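A.B. asks: In the order they appear, the protein sequences are chains C and B. If you're matching positions, the first sequence starts at 1 in our numbering and goes up one per residue. If you're matching positions, the second sequence starts at 161 in our numbering and goes up one per residue.
If you're looking for bench data, these hints aren't it; they were derived computationally from the structure. Small disclaimer: the values here were computed from a predicted structure and weren't measured. Hints should not be assumed to be uniformly reliable.
Stated by the list, open to error - Among the chain C residues that face chain B by a calculated CB cut under 8 angstroms, a handful are:
1. Ser-114
2. Met-133
3. Val-134
4. Thr-136
5. Val-140
The beta carbon of each residue, even a glycine, is placed where N, CA and C say it ideally should be.
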Amino acid sequence: MSFGPSPPGVALPSLPGRVALGLLRMVPVFVLLVGIPSAVLGYLAAAGVHSGVSLFTVTIGGLLFTAFSTARFILRPTRAFGPIGMARGGAAFAYLWLLVPNASILVAAGMHTSLLLHYGSALEALLVVPVLMVITAGLVTAQDSSNLTERLRADFPARR
Amino acid sequence: MRNRRSTGSLLPTIRALRVTTWVVLIAFGLYLGLAGYSAVTLAPSGTGSGQFALLPDGTITIVTTVNLSNPGFFAFTGLSIASTIAQPNSSVPWLHSSSAEVNLPAGGVAHPTLRFSLDISHLGAESGLLVHDTSLNETDYLNGTYANFVGFNVVANESLAWGAPFDGLSGSVGGPVPESNGTVGVQVKISFTNDAPFAVDGVLQAVLLSAGGASCAQGNLPLYAAPHAGAQLTQTFYLPSGCSVAGGTFEPTFISPGFVVPLPSEPIP
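Generate coordinates for the entire structure from the input sequences, incorporating the hints supplied.
C.D. replies: Shown next as structure tokens:
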């Protein structure tokens, strides 16, 4: 099974192969976006450091982004690649935006000293990344709506 | 044909945007990672020392200059220090001071200054601080931004030893000695320790009241007490006939050329 007949100069992968590869790729993405942040939060909590961001938020946000990322990978040879990329960028933007108000860490050093760190400004600056994602995906959508083959030739070139 | 040419031109833009996104993401990660590594080296770099002084207008000033150094790779901006002092067993701020905002560049130093002022002429209910050493509650606040993106608030509570300038002030009255003019002479001994880090120089005015509250005698005792030194003043007061200070009260007032400080009354044993 494939995504359809390959246009000239394009070698489209099969759908099962793409799904299998996508699921394999999902593992490191999941570790990066859910496993590591959850482990860091757990480590901080065990060390008496209180984070304003909850484990629930990190897990849901990471799962959502992992799902979008995997769907985008699988659907890359289709016209849905652009829209799913826009959705992924939008989800990433919303996730970071929701984290900003709670982006703080409270460290208690002994009985008499405490340190409160706010990294909301860093997350706000990082919002430029999902914005770039959305713009890029928007251009891909525009490209695909008028000439999908052009992008497929670049993304999946046929071997000579 | 026209359509193909116009849409085909989007691919280089798309590629450029993808590369830009990755470059921004990686650069940002490296920046924050380096900032975090740099921040770990900062904790023990600030020290401060307090200077006490009694001004001619009766104001005690406590000036603390905090020496901050930044051995890290990134600047601190909007760095400010504030401090409050509360009475013993209280968390309500009594004295407050804050420094002007300073910026501390990477590898630089800054010396923000805190200045507390305490008018001892108008202490009111807090005048007990003049005659009793105590421990005050000091809370220090350090606020700022590091590496442009990470704001921080440090709150530190500590105990501030307060040395009273008239610690343990007390007056004792000797036995009455009848005088030929009909008055009764009593020897009054006043003692205290100046536990403040500044000298106390002036006159101690003492008023002896009877148990009923009537003023029996008044005298001025020249006074100089060096920092952390004891002082004992002795003077004979002459009481009018029929005026006994047994069970009465000793009312002291410290008078300096620029100010007058009422001190707490003490019972006469």
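A.B. asks: Enumerate the violated hints, using their earlier numbering and listing them in ascending order.
C.D. replies: 3
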